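Peer 1: Chain B: place on chain A using the hints.
There are 2 protein chains.
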Amino acid sequence: MENYVEKLRRAKSASYSLSLVSTIEKNNALERIAENIEKNMEKILEENTRDMEKGQKKGLSKALLDRILLNEKRIKDIIKSIEDVIRLPDPVGEIISLQKRPNGILVGQMRVPIGVIALIYEARPNVTVDGATLAIKSGNSIVLRGSADALFSNVILGNIIRDALKETKIPVDAVQIIESPEHEIVEEILKMREYVDVVIPRGSANFIRYVIEKSKVPVIETGAGNNHIYVDEDADFDMAEEIIYNAKVQRPSVCNAIEKILIHKKIAESFLPRIYKKLKSAGVEIRGCPEARKILPEIIEATEEDWYTEYLDLIIAIKIVDSLDSAIEHINKYNTKHSEGIITNNYQRALTFLRKVDAAAVYVNASTRFTDGGEFGLGAEIGISTQKLHARGPMGLKELTTTKYIIFGEGQIRE
Amino acid sequence: MENYVEKLRRAKSASYSLSLVSTIEKNNALERIAENIEKNMEKILEENTRDMEKGQKKGLSKALLDRILLNEKRIKDIIKSIEDVIRLPDPVGEIISLQKRPNGILVGQMRVPIGVIALIYEARPNVTVDGATLAIKSGNSIVLRGSADALFSNVILGNIIRDALKETKIPVDAVQIIESPEHEIVEEILKMREYVDVVIPRGSANFIRYVIEKSKVPVIETGAGNNHIYVDEDADFDMAEEIIYNAKVQRPSVCNAIEKILIHKKIAESFLPRIYKKLKSAGVEIRGCPEARKILPEIIEATEEDWYTEYLDLIIAIKIVDSLDSAIEHINKYNTKHSEGIITNNYQRALTFLRKVDAAAVYVNASTRFTDGGEFGLGAEIGISTQKLHARGPMGLKELTTTKYIIFGEGQIRE
Numbered sequence: 001m002e003n004y005v006e007k008l009r010r011a012k013s014a015s016y017s018l019s020l021v022s023t024i025e026k027n028n029a030l031e032r033i034a035e036n037i038e039k040n041m042e043k044i045l046e047e048n049t050r051d052m053e054k055g056q057k058k059g060l061s062k063a064l065l066d067r068i069l070l071n072e073k074r075i076k077d078i079i080k081s082i083e084d085v086i087r088l089p090d091p092v093g094e095i096i097s098l099q100k101r102p103n104g105i106l107v108g109q110m111r112v113p114i115g116v117i118a119l120i121y122e123a124r125p126n127v128t129v130d131g132a133t134l135a136i137k138s139g140n141s142i143v144l145r146g147s148a149d150a151l152f153s154n155v156i157l158g159n160i161i162r163d164a165l166k167e168t169k170i171p172v173d174a175v176q177i178i179e180s181p182e183h184e185i186v187e188e189i190l191k192m193r194e195y196v197d198v199v200i201p202r203g204s205a206n207f208i209r210y211v212i213e214k215s216k217v218p219v220i221e222t223g224a225g226n227n228h229i230y231v232d233e234d235a236d237f238d239m240a241e242e243i244i245y246n247a248k249v250q251r252p253s254v255c256n257a258i259e260k261i262l263i264h265k266k267i268a269e270s271f272l273p274r275i276y277k278k279l280k281s282a283g284v285e286i287r288g289c290p291e292a293r294k295i296l297p298e299i300i301e302a303t304e305e306d307w308y309t310e311y312l313d314l315i316i317a318i319k320i321v322d323s324l325d326s327a328i329e330h331i332n333k334y335n336t337k338h339s340e341g342i343i344t345n346n347y348q349r350a351l352t353f354l355r356k357v358d359a360a361a362v363y364v365n366a367s368t369r370f371t372d373g374g375e376f377g378l379g380a381e382i383g384i385s386t387q388k389l390h391a392r393g394p395m396g397l398k399e400l401t402t403t404k405y406i407i408f409g410e411g412q413i414r415e
Numbered sequence: 001m002e003n004y005v006e007k008l009r010r011a012k013s014a015s016y017s018l019s020l021v022s023t024i025e026k027n028n029a030l031e032r033i034a035e036n037i038e039k040n041m042e043k044i045l046e047e048n049t050r051d052m053e054k055g056q057k058k059g060l061s062k063a064l065l066d067r068i069l070l071n072e073k074r075i076k077d078i079i080k081s082i083e084d085v086i087r088l089p090d091p092v093g094e095i096i097s098l099q100k101r102p103n104g105i106l107v108g109q110m111r112v113p114i115g116v117i118a119l120i121y122e123a124r125p126n127v128t129v130d131g132a133t134l135a136i137k138s139g140n141s142i143v144l145r146g147s148a149d150a151l152f153s154n155v156i157l158g159n160i161i162r163d164a165l166k167e168t169k170i171p172v173d174a175v176q177i178i179e180s181p182e183h184e185i186v187e188e189i190l191k192m193r194e195y196v197d198v199v200i201p202r203g204s205a206n207f208i209r210y211v212i213e214k215s216k217v218p219v220i221e222t223g224a225g226n227n228h229i230y231v232d233e234d235a236d237f238d239m240a241e242e243i244i245y246n247a248k249v250q251r252p253s254v255c256n257a258i259e260k261i262l263i264h265k266k267i268a269e270s271f272l273p274r275i276y277k278k279l280k281s282a283g284v285e286i287r288g289c290p291e292a293r294k295i296l297p298e299i300i301e302a303t304e305e306d307w308y309t310e311y312l313d314l315i316i317a318i319k320i321v322d323s324l325d326s327a328i329e330h331i332n333k334y335n336t337k338h339s340e341g342i343i344t345n346n347y348q349r350a351l352t353f354l355r356k357v358d359a360a361a362v363y364v365n366a367s368t369r370f371t372d373g374g375e376f377g378l379g380a381e382i383g384i385s386t387q388k389l390h391a392r393g394p395m396g397l398k399e400l401t402t403t404k405y406i407i408f409g410e411g412q413i414r415e
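In order, the protein sequence lines correspond to chains A and B.
Residue numbers for the first sequence, in the numbering used here: 1 to 415.
Residue numbers for the second sequence, in the numbering used here: 1 to 415.
To be clear, the hints were calculated from the coordinates, so they are not data collected in a lab.
Among the hints, erroneous ones may be present.
Within a straight-line C-alpha distance of at most 27 Å, the following computed DSSO-like cross-link-like pairs (lysine-lysine) qualify [unchecked claim]:
hint	chain 1	residue 1	chain 2	residue 2
1	B	K216	A	K216
2	B	K266	B	K278
3	A	K62	A	K73
4	A	K333	B	K80
5	A	K214	B	K191
6	A	K216	B	K333
7	B	K216	A	K333
8	A	K333	B	K12
9	B	K73	B	K54
10	B	K80	B	K39
11	A	K100	B	K73
12	A	K216	A	K266
13	A	K12	B	K214
14	A	K191	B	K169
15	A	K62	A	K76
16	A	K7	B	K356
17	B	K169	A	K356
18	B	K12	B	K216
19	B	K356	B	K100
20	B	K7	B	K216
21	B	K214	A	K214
All figures in this text were calculated on a predicted structure; none of them were measured in a lab.
Extracted from the complex, chain A is given alone in its bound form (with noise of 0.2 Å):
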């Protein structure tokens, strides 16, 4: 077995001279990581091949296989988000609200790394890049645990990444690929909290629960989306048919999409008909509750298990409400805390959604597909959180660090 207890020592000791590393030097070696990656388009593709071809043989779903796959077009994105990284202000060395106390000493709050993040994700050999490139720009060191079925990917990506580094100030050591397809040694990183600050889990909800039952180390939680999109009684009916639309069936298979619709009991009878012509002519198969089958009884009943499931998939549950009071119940209840919408021309009812729905992002009359680091102004990220301690929603580099307090003193002593 690899010794992946010698690079956890190793990305945690890197993690100290990296605190103070320049934003120059990291755009540096930033630039040299897409330089590398750019030069070695051909290996890689090759190493992907055998991603491929291994996964076809284990019998992979196309739709994983497609998330493995990297051609030259996602290999130059790639290469672009790290540019995007570049331009992105670096975050580190801020200081907070400097005050100063009536005794005179000045107390402040500096933003600084905060030391090594073990991200261990699923299938897209992407990832690799973007924590790697994230972590150094935020000046943490960052061990690298993908998939086992992308991993000649990974590897190959590490590989390359930590040789670019070799040329620049930042220590090869800040990234470190785990490349062992033993699931004991996740278990094992997760409770190194000498060597490891935070373990950030992307991948299936079954997956971040085991990671939390068995961490020692604090998780940041990134998760599933089972989001809801309620129409008002004051819905403008075609704004509530467009992001409706757009939030189901653009992108299925991602977190930010809507698995349910809520419809205020006032308005079924006549938006009812209309959302389900318009999703069925894109081919999502319907449930729904008893009420709303009075109404059409062609859809499928939706049972107890729908209300809570997370589809990635053309499918959505439709349930009709008394009251948006008893929206909210029904969201808060079997939501998993991502992103939640509603359709209204109302204010009282907009500002009452937006206080009491439980959740990473609350929307007033937009898709819920924007819930994402781009299309926040984070720039890219690491992952979605969903839980509520540090960070929620969508994690930028300001996510990635911590603060401490510095004080400056001319001699104060406590009374």
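Peer 2: Same frame as chain A, but now just chain B:
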């Protein structure tokens, strides 16, 4: 055994309505609590006497008994601290950085309560009131699990708080007191992700380690303070002497006192005898490294274990170091990430120390005793975080909140 699950469930349920209560209503509830404590002063003292008698029978140490003790003065201080919380600004509902994106959506972050806080603490009964008032002001429910040694005091204070809430807009169930002394209940609470959003343990290092090991709920680690003052070669000796004396002697039993002194070798021969004399005069026991003992053979030799130890007593260990870098290396190896200080008149070394030392609070030329919510201008605090995620250093009202993204659209969909 008491039905603690029901108490947690009620706390969670109360948290939803509590998050919507106005600042005026919350302040009104805090005033009722202060009044009710004042009115029941006699009863509180009686119950506290029962704890004291039980403790004396049990043979608790004088220091521990002093932590349990309430008297009229201490209860008046508790009331005063409620009045301080009333005067603090309410963080809930604050909108951070509402920005217009290119497609016209407005994206901002709204500060919201976390939900349910479980505070698990040892000894001092005033924490019962501090915890409840800070939770109410920040819109959170709180589950209080104090030490069995202060049970009578904690229960009477809890009941007085809950009684006071009956006349207010705050649900009584927002404050829950766990009364059973069984240790297993703590372990059960730590698994209840469904009802508890964050656990804050306060107590000994061992106790906090136990909570981290067992908890499935996110924990905010509050911590021990194995704190250092580094006396640089360019230190002002008078200032160094004053600050060290204050940081060690003024209140040795608290977590922001210092436990270690590091001295640059160039000034060791002149400074060491001075600080030895000063600390000796206050009855401090002094231990030292071999280099220090060459200068002052009368001091006891410090063992490897000494460098790790938080004495919380009139004991200190002194080490002579070769350079700023070796001082920083020693600190980052042995410290508990709480409070660290440098005494120097050198500009560059002051900045280097601030940047490189890994701790919640890093000081130049001031006593570490200032690491405190009140001293830093946060008002009251619920604890001092020595971890890096979510909150670091003293945690006030803001640290008891999270954010959610709010998005105002006009029909925007993602292209």
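Peer 1: Provide an ascending list of the numbers of those earlier hints which the structure does not satisfy.
Peer 2: 4, 11, 12, 14, 19
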